[in-house]
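There are 2 protein chains.
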Amino acid sequence: MKQSQLFTKTQKQAPKDEVSLNAQLLLRAGFIDKEMAGVYSFLPLGLRTLNKIIEIIREEINAIGGQEILLTALQNPKIWKITGRWDDEVLDVWFKTKIKTGGEVGLGTTHEEPLVNLIKKHINSYKDLPKYVYQFQTKFRNEKRAKSGIMRLREFIMKDLYSFHANQEDLEVYYKKAQEAYLKIFNRLGLGDKTYMTYASGGTFSQYSHEFQTITSSGEDLIYVCDKCHIAVNKEIIKDLNHQCPECGNAKLHEEKAVEVGNIFKLMDKFSRALDLKYKDKEGKSKSVIMGCYGIGPQRVMGTITEIYNDNKGIIWPEAVAPFNVHLISLGKDEEAQKIYDDLLKNSIETLYDDRNVRAGEKFADSDLIGIPYRVVISGKSIDAGGVEFKKRNEIKSKIIPIKSLISKIKQS
Amino acid sequence: MKQSQLFTKTQKQAPKDEVSLNAQLLLRAGFIDKEMAGVYSFLPLGLRTLNKIIEIIREEINAIGGQEILLTALQNPKIWKITGRWDDEVLDVWFKTKIKTGGEVGLGTTHEEPLVNLIKKHINSYKDLPKYVYQFQTKFRNEKRAKSGIMRLREFIMKDLYSFHANQEDLEVYYKKAQEAYLKIFNRLGLGDKTYMTYASGGTFSQYSHEFQTITSSGEDLIYVCDKCHIAVNKEIIKDLNHQCPECGNAKLHEEKAVEVGNIFKLMDKFSRALDLKYKDKEGKSKSVIMGCYGIGPQRVMGTITEIYNDNKGIIWPEAVAPFNVHLISLGKDEEAQKIYDDLLKNSIETLYDDRNVRAGEKFADSDLIGIPYRVVISGKSIDAGGVEFKKRNEIKSKIIPIKSLISKIKQS
Chain A
7 MKQSQLFTKT QKQAPKDEVS LNAQLLLRAG FIDKEMAGVY SFLPLGLRTL
57 NKIIEIIREE INAIGGQEIL LTALQNPKIW KITGRWDDEV LDVWFKTKIK
107 TGGEVGLGTT HEEPLVNLIK KHINSYKDLP KYVYQFQTKF RNEKRAKSGI
157 MRLREFIMKD LYSFHANQED LEVYYKKAQE AYLKIFNRLG LGDKTYMTYA
207 SGGTFSQYSH EFQTITSSGE DLIYVCDKCH IAVNKEIIKD LNHQCPECGN
257 AKLHEEKAVE VGNIFKLMDK FSRALDLKYK DKEGKSKSVI MGCYGIGPQR
307 VMGTITEIYN DNKGIIWPEA VAPFNVHLIS LGKDEEAQKI YDDLLKNSIE
357 TLYDDRNVRA GEKFADSDLI GIPYRVVISG KSIDAGGVEF KKRNEIKSKI
407 IPIKSLISKI KQS
Chain B
7 MKQSQLFTKT QKQAPKDEVS LNAQLLLRAG FIDKEMAGVY SFLPLGLRTL
57 NKIIEIIREE INAIGGQEIL LTALQNPKIW KITGRWDDEV LDVWFKTKIK
107 TGGEVGLGTT HEEPLVNLIK KHINSYKDLP KYVYQFQTKF RNEKRAKSGI
157 MRLREFIMKD LYSFHANQED LEVYYKKAQE AYLKIFNRLG LGDKTYMTYA
207 SGGTFSQYSH EFQTITSSGE DLIYVCDKCH IAVNKEIIKD LNHQCPECGN
257 AKLHEEKAVE VGNIFKLMDK FSRALDLKYK DKEGKSKSVI MGCYGIGPQR
307 VMGTITEIYN DNKGIIWPEA VAPFNVHLIS LGKDEEAQKI YDDLLKNSIE
357 TLYDDRNVRA GEKFADSDLI GIPYRVVISG KSIDAGGVEF KKRNEIKSKI
407 IPIKSLISKI KQS
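Protein chains in written order, with the working numbering: chain A, 7 to 419; chain B, 7 to 419.
Hints may be right or wrong, so weigh each one.
Put simply, identical chains are the same to the list, so a pair is met inside one copy or across any two.
Taking lysine-lysine pairs in the DSS-like style, the calculated list, with each CA pair at most 25 Å apart, reads [what the hints assert, rightly or not]:
1) K127 <-> K15
2) K369 <-> K127
3) K288 <-> K15
4) K288 <-> K258
5) K263 <-> K190
6) K106 <-> K87
7) K145 <-> K104
8) K15 <-> K153
9) K137 <-> K369
10) K126 <-> K369
11) K190 <-> K102
12) K319 <-> K190
13) K126 <-> K8
14) K405 <-> K200
15) K87 <-> K127
16) K102 <-> K84
17) K319 <-> K127
18) K22 <-> K127
19) K403 <-> K369
20) K8 <-> K284
21) K106 <-> K145
22) K145 <-> K18
Because the hints were derived from the structure by calculation, they are not lab data.
Pulled out of the complex, with its shape left as it was, chain A reads as follows (with noise of 0.2 Å):
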């Protein structure tokens, strides 16, 4: 895309009000844009990223044999009345608005119940039975404290797996791969390092959930860490371990500020028995269905990113999740540059080539900001020095390489 025509400018300085470093980042290079607090805007290289995020996660989950759907935000209280939910003394994270011809709804805060309620007409016999139903939706909650800019959202959109089961050890093998799918996909996203599945409470229902937790001092969660097996054990239950990895029995266990970007649970026939989802087993006897459930919200997983990949200058982008992957910046330089663009985008490498007619300074400023991983500038001086200025945006220093060499030379980094 040429920077010409991009509509989005960079500010610099972020709005006083807005004191999460996610969102002063994300804002200042045109990602996002504030509708109100924990309400944001989507802009074109804000998309862009946020798109990388979820078909990674949508890419791993059909791996597993994911099969996508789209329920409505608009929900329907009478299933979620039978569960007890409805009520704002249990679930307390309702928008509830009325339809003009009646009645009342709310804005679906998670899944469960329409889901149950949708399945149980394809779902009679164990013949069909696992199923695994996922969807990205955009989720509404009425939250109290929205102040960690795209990391804790009134509406967001959430990746949430339900998985069905005809038993629990059958659920336990699919916990697994959901387990490995997640530490996948955390890795993919460039998060893997600093990610640990996370030893959580299980519930009334069994021993334990897990979450996914991305060490980071902007986190709101405290995690212990046992660097041993690489998991963690959530703050809420590390009492009950008496300070003592649940995996290796290690207890030098370190605590970290981290920040939930996943869950995974297993919610036996909590939902099934509620409402009334049931099966016939071999002997066609009528059996509740066992069912997991998995979240993710790409919105924090880009919040968390961003929290923890940047500098004094602005955003690092791992490349995985970059809005583009090449920076091309022409100093007084178009003709040659729009070749290299072309040449570029001929080998389908996603590129932001800025074409404006603005100060050098500028341009360097804006790319910093923005963090595309590689920056390839072209000059009067560079074409004296054999080529272009390559730099990745986490290096100091630019290297000159020949314009015949850049594609191979990225298609290498």
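Since the structure of chain A is provided, determine the placement of chain B on it from the hints.
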């Protein structure tokens, strides 16, 4: 995809309260599920078709310079009060709700106000114009009447494009481009022959707006078609035009029932004036930005296609939007079918493979109901006859073709 893994089942009968043909067929075939009147979920087959429609629209809007963003559903009343549209008497389809920490919010029914408010931060000078910004975003409309299946929804995705110009001449040029893009879109969606660019009221600030109306007996609108120009006139302005074609003067227009699948509108300075969206021209004078807006509802398109392309057995999807291209059916020849399935996938031909252990009659009935363009049946009989039975969904008789020419046959078709 293997049909044994698909979680949805077809239904012989639609629910009795479902009066529209599109919802009856899509519900029976397992494409959608009804949450409440005017609120439908999209299941794996339905989401595949919906995403194909969205992708066609996206490609054509990108081709006329559109930059994709994602605005929010939750709307701050402040800007809507400035234009007067927060008032339920002015805009009568609001869902309104409250933030727990105080303050009312609405669910966006359209997005002129927030987008103008956003783009003010990025447009200063004539050099920043024109710009074209669009999204696929979920709208909420508190409709009193919601009985047309997925053709009039209370919650639906809309592609809304907004263009920003320095003057009316520039808007006119882009408006023409958008008209052409829309005709291309409806052509690609399989609705070209039945869709007419339709003159409609322009409101107080332009002579005309344009709707794109598709002829179908289930349409809620009346249009008057000029066969000479392949355009139409909406009922609301036909009297003002003395029942004549506004392009050629033809007075022999015929009345048709139609559904509005898109509309485009010159907003001129209506919103930029109200919300103070200005730019500096070459002489440094401050002027109001001139705007256009351009909408298409992918679900309504999907409903319209369903209403038009069906027979007494089910849906007949146009290829471009079919959930899969080939429906491969094994009648007791799973080993051979698996090989064909692998071969189809290797050739990037999207295939639903019916590997279920059910009667042939059930497989055929489901295949006709789901409506995938090509049906390939492998059975002992077909092998004896020299290959597989091949049939298009809209053909009555199948023919035998050798397995080794199947791929090229499909690619040619």
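Do the hints match the structure? See the list:
1. K127 <-> K15: between (50 Å within a copy, 8 Å between copies)
2. K369 <-> K127: Between copies, since 19 Å is at most 25 Å while 57 Å is not.
3. K288 <-> K15: Close across copies (20 Å), not inside one copy (63 Å); limit 25 Å.
4. K288 <-> K258: Neither way: K288 and K258 sit 49 Å apart in one copy and 68 Å across, limit 25 Å.
5. K263 <-> K190: For K263 and K190, only the intra-copy Cα distance (22 Å) is at most 25 Å; the inter-copy one is 53 Å.
6. K106 <-> K87: both (21 Å within a copy, 21 Å between copies)
7. K145 <-> K104: For K145 and K104, both the intra-copy (18 Å) and inter-copy (16 Å) Cα distances are at most 25 Å.
8. K15 <-> K153: So K15 and K153 pass the 25 Å test inside one copy only (24 Å; across, 44 Å).
9. K137 <-> K369: between (51 Å within a copy, 21 Å between copies)
10. K126 <-> K369: between (57 Å within a copy, 22 Å between copies)
11. K190 <-> K102: neither (37 Å within a copy, 41 Å between copies)
12. K319 <-> K190: Result: close neither inside a copy nor across copies, 30 Å intra and 44 Å inter.
13. K126 <-> K8: The answer is between: 21 Å across copies meets 25 Å, while 50 Å in one copy does not.
14. K405 <-> K200: neither (31 Å within a copy, 59 Å between copies)
15. K87 <-> K127: within (20 Å within a copy, 45 Å between copies)
16. K102 <-> K84: For K102 and K84, the Cα distance is within 25 Å both inside one copy (13 Å) and across copies (20 Å).
17. K319 <-> K127: between (54 Å within a copy, 22 Å between copies)
18. K22 <-> K127: So K22 and K127 pass the 25 Å test across copies only (16 Å; inside, 52 Å).
19. K403 <-> K369: Answer is within: at 17 Å inside a copy they meet the 25 Å cutoff, but 65 Å across does not.
20. K8 <-> K284: between (56 Å within a copy, 24 Å between copies)
21. K106 <-> K145: both (22 Å within a copy, 16 Å between copies)
22. K145 <-> K18: Classified as neither; 32 Å inside a copy, 33 Å across copies.
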